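Participant: Sequence:
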Amino acid sequence: MKKIYILLLLVITSVLSSNQLFAQCDGVTVESLTNPGPFEVATLTEADGIRNGPAYNGATVYYPTNATPPFASIAIVPGFTAAPSSVAEWGPFYASHGIVAIIIGTNSPFDFPEARALALLDALETIRQENVRTASPLEGALNLDQLAVSGWSMGGGGAQRAAVLDNSIAGVVALCPYLTSPQLNHGSPVLIFSGEADTVAPPAQHADIHYNVTPNTTDKLLFEVANGNHSVANSPNGGNGAVGKIALSWLKLYVEDNDCYCPLLTDDLLVNPPAASKVEQDFNCELLGAPINELITEIYPNPTDSKIYIAATAQPLRKVELYSPLGENLVTLEGNVTSMDLSKYASGIYVMKLFTETGIQTKKVVKR
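Going by the numbering used here, the sequence shown opens with residue 1, and the numbers climb by one from there.
No wet-lab data here; the hints were simulated from the structure.
Bear in mind that the values here come from a model prediction, so they are computed numbers and not experimental data.
Note that the Cβ used here is the ideal one computed from N, Cα and C, for glycine as well.
One or more of the hints may lead you astray.
[To be verified] Restraint-style ranges between C-beta atoms, simulated for each label pair: (1) 70 x 212: 15 to 25 Å; (2) 216 x 181: 17 to 27 Å; (3) 212 x 331: 18 to 28 Å; (4) 200 x 278: 29 to 39 Å.
[Claimed, not checked] Distance condition first, Cα-Cα at most 30 Å in a straight line; then the derived BS3-like pairs of lysine-lysine: (5) 364 x 307; (6) 353 x 319; (7) 344 x 307; (8) 319 x 307; (9) 367 x 278; (10) 344 x 319; (11) 353 x 364; (12) 364 x 278; (13) 278 x 344; (14) 353 x 278; (15) 363 x 319; (16) 344 x 364; (17) 307 x 367; (18) 344 x 363; (19) 367 x 319; (20) 344 x 367; (21) 307 x 353; (22) 364 x 319; (23) 367 x 353; (24) 363 x 353.
Please build the complete structure, drawing on both the sequences and the hints.
Facilitator: And the structure:
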């Protein structure tokens, strides 16, 4: 009887939450992904009192002046021998959509990806300090759980390495990344842009490999711009504006945790996109227009010491898969599965994929 009451409560809560989300999403459309966005933008530099971190050389912070905090933030670094100006268009673009952006220079223009990763992490420390600096217009206005990194070329490789070094990073946007022998075991949702005609970081030698070695449990998206060169993603205008729209939607979805942007990606921007020569994707998000049964499949208890129970309240499951933190498929159960025994697995975070006839839902499972 207790389980029935719990399931009923889950159904009611999900319906009410879904209705609230539908109302909140009214203004979120592809047409709203403009450049610039709706907010006014101002800047901060060291002359205004921001720190100049030891792992980077000089920074400009772009922030919205008439948006409602708290704000997510993203740190951006240029590529090998390049100046911050090479990626500067991203700063006002993000800020005009309510995301604070810090664009940094490097201590040496010849810094390799690992040094650029450390530079990005140091830039995020500057963001954290702005949140408590008394004279800063951003004092108390930043959500320090919503920090992302981005970079171009070797900076893009550095952005992915930063996510490996700091697992608190909420999102990665890699712009035509350059990184050899990549070790990319991280859980930060990663968006990779590449250029079909890139001769500096050919996709087959860099971006494609980066996508493939990123764990399958990590939400990931690869967007190759048709006829794009190495600098095709240096601006949100790349790919006739598709680059900016997809990057913004990705950050809104995964860094700001705003599910309103899920259908913009899955139902529009990634459906036969004219700007793309190739799209590969392995990410799951809540489609707010999905049938209610796909919104209320629940698992409990979570965390668990041994067995976990699965409650699909409207449509039966046809398959359940369990994945390790590194993307290894540990077990597949066919049919209308109602439970799974995790007692033999080590403590950690696992990913469970639940398949129905009309969709897939992904759940994170904590094994104690």
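Participant: For each hint, tell me whether it holds in the structure or not.
Facilitator: Going down the list of hints, with the structure as the test:
no., hint, verdict
1, 70 x 212: 15 to 25 Å, "35 Å, violated"
2, 216 x 181: 17 to 27 Å, "20 Å, holds"
3, 212 x 331: 18 to 28 Å, "23 Å, holds"
4, 200 x 278: 29 to 39 Å, "18 Å, violated"
5, 364 x 307, "15 Å, holds"
6, 353 x 319, "8 Å, holds"
7, 344 x 307, "10 Å, holds"
8, 319 x 307, "17 Å, holds"
9, 367 x 278, "37 Å, violated"
10, 344 x 319, "21 Å, holds"
11, 353 x 364, "9 Å, holds"
12, 364 x 278, "29 Å, holds"
13, 278 x 344, "40 Å, violated"
14, 353 x 278, "25 Å, holds"
15, 363 x 319, "14 Å, holds"
16, 344 x 364, "18 Å, holds"
17, 307 x 367, "10 Å, holds"
18, 344 x 363, "19 Å, holds"
19, 367 x 319, "21 Å, holds"
20, 344 x 367, "10 Å, holds"
21, 307 x 353, "16 Å, holds"
22, 364 x 319, "16 Å, holds"
23, 367 x 353, "16 Å, holds"
24, 363 x 353, "6 Å, holds"
Hint compliance for this structure: hints 1, 4, 9 and 13 are not met, and every other hint is.
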